[in-house]
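**Q** The primary structure of each chain is shown beneath.
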Amino acid sequence: MDLMTGSTRRTFLKAAGAAAAGTLAAPYVRTAGSAGRLRLGVIDHWVPGTNEVLQQLLERWGEANHVEVTVDFITTIGNKLLLTAQAESRAGSGHDLFALEFHMVPMFKHRLIAVDDVVDDIVAAYGPIAELSRQAAFLDGAWRGGPSPVMNASAATVARRDLFLEHAGIDLTEWFPAGDSRDPAKVDRWDWEAFGKAAAALHAAGRPVGAAISPVTDSSAWLAQLFASYGAAMVNEQGEIAADSDTVREALEYLTRLAEVMPDSVYAWDDASNNRWIISGTGSAIFNPPSAWAVAKRDSPDVARHLWHCDVPRGPAGRFRAFNSVFWGIWDFSENQSAARDLLRYVAEPEVVVAMLEASQGYDLPLFASHYDRTAVWAEAGPPAGGLYNYALRGDERTLTDGYPAPPEIAARISLQRVVPNLVARVTQGGESFDDAIGWVENELEGVLRS
Amino acid sequence: MRVLPPLLRRKPAVAVLMCVPLFALILGLVAYPFFHALFLATLNKAETAFVGLDNFSFLFGRQTFWMVVRQSLLFALVAVVFKALIGLAAAHAINTIPTKGQRKWRGMMLIPWVIPPALSTLGWWWLFEPTYSAINWGLTKLAVPAVPWLSDTFWARFSIILVNVWVGAPFFLIMYLAALKSIPGELYEAAEMDGAGPWQKFFYITLPMIRNIIAITTLFSIIVTLANFDIVRVLTQGGPLNTTHLFATYAFRVGIESGDIPLGAAVSLFMFPMLAILAFIILRNVRRRAASLA
Numbered sequence: 001m002d003l004m005t006g007s008t009r010r011t012f013l014k015a016a017g018a019a020a021a022g023t024l025a026a027p028y029v030r031t032a033g034s035a036g037r038l039r040l041g042v043i044d045h046w047v048p049g050t051n052e053v054l055q056q057l058l059e060r061w062g063e064a065n066h067v068e069v070t071v072d073f074i075t076t077i078g079n080k081l082l083l084t085a086q087a088e089s090r091a092g093s094g095h096d097l098f099a100l101e102f103h104m105v106p107m108f109k110h111r112l113i114a115v116d117d118v119v120d121d122i123v124a125a126y127g128p129i130a131e132l133s134r135q136a137a138f139l140d141g142a143w144r145g146g147p148s149p150v151m152n153a154s155a156a157t158v159a160r161r162d163l164f165l166e167h168a169g170i171d172l173t174e175w176f177p178a179g180d181s182r183d184p185a186k187v188d189r190w191d192w193e194a195f196g197k198a199a200a201a202l203h204a205a206g207r208p209v210g211a212a213i214s215p216v217t218d219s220s221a222w223l224a225q226l227f228a229s230y231g232a233a234m235v236n237e238q239g240e241i242a243a244d245s246d247t248v249r250e251a252l253e254y255l256t257r258l259a260e261v262m263p264d265s266v267y268a269w270d271d272a273s274n275n276r277w278i279i280s281g282t283g284s285a286i287f288n289p290p291s292a293w294a295v296a297k298r299d300s301p302d303v304a305r306h307l308w309h310c311d312v313p314r315g316p317a318g319r320f321r322a323f324n325s326v327f328w329g330i331w332d333f334s335e336n337q338s339a340a341r342d343l344l345r346y347v348a349e350p351e352v353v354v355a356m357l358e359a360s361q362g363y364d365l366p367l368f369a370s371h372y373d374r375t376a377v378w379a380e381a382g383p384p385a386g387g388l389y390n391y392a393l394r395g396d397e398r399t400l401t402d403g404y405p406a407p408p409e410i411a412a413r414i415s416l417q418r419v420v421p422n423l424v425a426r427v428t429q430g431g432e433s434f435d436d437a438i439g440w441v442e443n444e445l446e447g448v449l450r451s
Numbered sequence: 001m002r003v004l005p006p007l008l009r010r011k012p013a014v015a016v017l018m019c020v021p022l023f024a025l026i027l028g029l030v031a032y033p034f035f036h037a038l039f040l041a042t043l044n045k046a047e048t049a050f051v052g053l054d055n056f057s058f059l060f061g062r063q064t065f066w067m068v069v070r071q072s073l074l075f076a077l078v079a080v081v082f083k084a085l086i087g088l089a090a091a092h093a094i095n096t097i098p099t100k101g102q103r104k105w106r107g108m109m110l111i112p113w114v115i116p117p118a119l120s121t122l123g124w125w126w127l128f129e130p131t132y133s134a135i136n137w138g139l140t141k142l143a144v145p146a147v148p149w150l151s152d153t154f155w156a157r158f159s160i161i162l163v164n165v166w167v168g169a170p171f172f173l174i175m176y177l178a179a180l181k182s183i184p185g186e187l188y189e190a191a192e193m194d195g196a197g198p199w200q201k202f203f204y205i206t207l208p209m210i211r212n213i214i215a216i217t218t219l220f221s222i223i224v225t226l227a228n229f230d231i232v233r234v235l236t237q238g239g240p241l242n243t244t245h246l247f248a249t250y251a252f253r254v255g256i257e258s259g260d261i262p263l264g265a266a267v268s269l270f271m272f273p274m275l276a277i278l279a280f281i282i283l284r285n286v287r288r289r290a291a292s293l294a
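Protein sequence lines, in the order shown, are assigned to chains X and B.
Each residue of the first sequence is one higher than the one before, counting from 1 in this note's numbering.
Each residue of the second sequence is one higher than the one before, counting from 1 in this note's numbering.
Check the hints yourself; a few may be wrong.
[As the list claims (entries may be wrong)] Pairs of lysine-lysine, BS3-like flavour, derived with a Cα cap of 25 angstroms: (1) B:K100 to B:K181; (2) X:K80 to B:K45; (3) X:K80 to X:K109; (4) X:K197 to X:K186; (5) B:K181 to B:K201; (6) B:K141 to X:K109.
[Stated by the list, open to error] Partner residues aside, some chain X positions facing chain B, computed with beta carbon under 10 angstroms: (7) Q55; (8) H66; (9) T70; (10) G206; (11) V216; (12) Y267; (13) P408; (14) A412; (15) W440; (16) E444.
To be clear, the hints were calculated from the coordinates, so they are not data collected in a lab.
Just so you know, even glycine gets a beta-carbon here, dropped at the ideal spot from N, CA and C.
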């Protein structure tokens, strides 16, 4: 599993294996501070039934450690998680431990206590954490949160294998088989142009592909992976505006063609719309974690058995998958920081991670490479058998977060202000010229960069 | 019988004491938030340094901000005009019904106004849902093309104005109805004897008699409409292309969601001088008319 931007799965596993071999034997020592009450605000999981398992695990830990654990599951729809964090951060009261998506850590870092000791213990036990996660949560020289056991997810291609075969002539199960028998030539052909051609054929057949181009998280995620694959960036690594480039124009040119074969409603989609779209049987592909499949399995099994998760198409600059790393941070106003630290250590234990992986039917992706070999959930989940195998990264995809490659604080603002979806919509829906749209986005980015 | 302390026997002292809860409410819920917002708007992004009016000057250089200004004014103007017209027509219609049957109509017409807007807007969202709109389902059955209610700039603006008018028109209705009922019937009888028709009665009796209520209702509605938040938040989140953002939703996006509280405060305070001037003009005219009638 590769979670390191700029590296492949093979190199990552080598590094992880070497580190893990030396540290797995290190004993885990619980501190003596666990007692009292602990209030958690965690993300309401998209996969039905996952919340209940997490609650049971946390309560069991609470009973064993004489801690009264209260868990609130907070939805991310309508940005409620962020709004709750904002309210608690400003009021200086609320939960002790709070779930933070990658873009929230920089925003609230001033109110999160450093948990270097916790993360160091976890890394000592289970090997290195994904570099992408380090970039998101290791800020100003300190870890601002520990890895969450849930909701770390990526936006894979989720496609109807039957429709792709029938209307586009692409057998996704052959291109992305459920095993280590990939044909590199076929994988290489899976680029945005091939995807666009398939999308046109599917549109003509009345079963379009769909991806939000609206002010919501899903839009930022899939557009981030597309822009990165063209080498297009809004702000570069040095924190300078880089939107006026040929690569941005190339990405916009491609999106102009792709948007023509997607439904007009994508400009008003929310984060659940793509799920509804594919579950209803109307759509043929979306970019999403397996939550759509999990709900379809329950509500629309005839659709679910045709859903195949596979790599994101590649562009001229490579193949990228948007990854949402989630951390559990401890507020500086928490009255039980000691117990919170212990809980962070507990939820990184392999038993917990694996239990949550299986409860979420493979939706959650661990942030430690060493955890990937402890479960066969992606290979075994179904129907269809093997449909989730390629949700865990298997090939040459590199992971990124929205706003890539800008520094974390700036990337977070690019993501939250929905800069890229608005830029794209100005061209594909508003009909603006590339130059006008880029002029607008540069003006917008000045606001993003202000200090 | 107990005798009140001397201080409480003085009427002015009692009056002041009884006003204390009101003063406390105004101080706590109006004055403090207002001055705190002013204070926040003068800080840098990290809220660590005083920057004076820099946040405002920064806003003035943003294209999106000026678009928000334009569409907030468009939204308020169109919505208030339609609310006033529909409210006036409905008030007249109800006023013509015999008194006995008016109650149920008044009650029914007030329903949109008394339901919490966030809840009723959610109902509207289901009607307008981008992919599975209930209205579009009906239109399609009638062989009418589906309407992109929330994904097209024109229709998204139309939708938020429509919902705002639906929520707000009953307020105008009830205010106008009360005003209509206060007009002495003798005026209409005298006009009829002089041969006045319905339009003449409307323009020369009704309108002048309810002019102050129209002015105050309009002022109040402009303030509330310009500050609207929930309808846009639930229906469009400011999209598509930021073309349905209002001051409040844009302030929320910039301040709360993007973590730039000082800039968000500056956006929301931008409304204040405009509304203050408007309120001053309208209330001055109301006072003058009231004085001339007296």
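**Q** For each hint, tell me whether it holds in the structure or not.
**A** Hints and how they fare:
no., hint, in the structure
1, B:K100 to B:K181, "holds, 14 angstroms"
2, X:K80 to B:K45, "holds, 22 angstroms"
3, X:K80 to X:K109, "holds, 19 angstroms"
4, X:K197 to X:K186, "holds, 15 angstroms"
5, B:K181 to B:K201, "holds, 15 angstroms"
6, B:K141 to X:K109, "violated, 53 angstroms"
7, Q55, "violated, 27 angstroms"
8, H66, "violated, 37 angstroms"
9, T70, "violated, 25 angstroms"
10, G206, "violated, 14 angstroms"
11, V216, "holds, 7 angstroms"
12, Y267, "holds, 4 angstroms"
13, P408, "violated, 13 angstroms"
14, A412, "holds, 8 angstroms"
15, W440, "holds, 6 angstroms"
16, E444, "holds, 6 angstroms"
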